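K.L.:
In the UniProt record's numbering, the protein residues as written are 1 to 132.
Any given hint might turn out to be false.
[To be verified] With a straight-line Cα cutoff of 25 angstroms, these simulated BS3-like cross-link-like pairs (lysine-lysine) come out:
| no. | residue 1 | residue 2 |
| --- | --- | --- |
| 1 | Lys35 | Lys65 |
| 2 | Lys53 | Lys35 |
| 3 | Lys50 | Lys65 |
| 4 | Lys65 | Lys53 |
| 5 | Lys78 | Lys91 |
| 6 | Lys78 | Lys65 |
| 7 | Lys50 | Lys35 |
[To be verified] Across the chosen pairs, the derived CB separations fall in these ranges:
| no. | residue 1 | residue 2 | range |
| --- | --- | --- | --- |
| 8 | Glu18 | Arg49 | 33 to 39 angstroms |
| 9 | Asp110 | Arg49 | 36 to 42 angstroms |
| 10 | Glu99 | Ala12 | 21 to 27 angstroms |
Since the hints were derived computationally from the structure, they do not count as laboratory data.
Treat the numbers as computed from the prediction; the structure is a model and nothing was measured.
Note that CB positions come from ideal geometry on N, CA and C, so glycine has one too.
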Amino acid sequence: MTEVAVDTVLTAEIRYRERASVNISGVLNGRLNSKRRNVSESSQPSEPRKRQKRIEQARIDRLLKDSAAFQQANEIRKYVEAIRALQSRDKADSAEEFERWSQGALAQADRIDPAIGGTFLVAAQDEEDIGG
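Let's have the full structure, built from the sequences with the hints guiding it.
P.N.:
Spelled out as structure tokens, the structure:
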């Protein structure tokens, strides 16, 4: 019964954090869009200026995407550690099954984490190449 309650609380916490992450990204995007509208309304930029704006926006979008992926990867890792703590406390018989599950979950966290393997640097280099 305790495991069900703990699982329910953990699931609720993870969902809450996912929604909070999405909400933060939405607020940041809203503010960014508002600022962009104000700038574009004040002057009609030239072609090079428009291109530079697109590049800057692509960088911001990439940073926001990477930030969200980084947060999600860390949430997965925290979740695995919480379950690991429960498993060790309860001394569950399914240690081998848990290890298989945790390795898969951590592999997915590493897969989406832009800090692993320097994929954030590759994206930054791609943006530099686009910029000229």
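K.L.:
Are any of the numbered hints broken by this structure? If so, which, sorted upward?
P.N.:
Violated hints: none; all satisfied.
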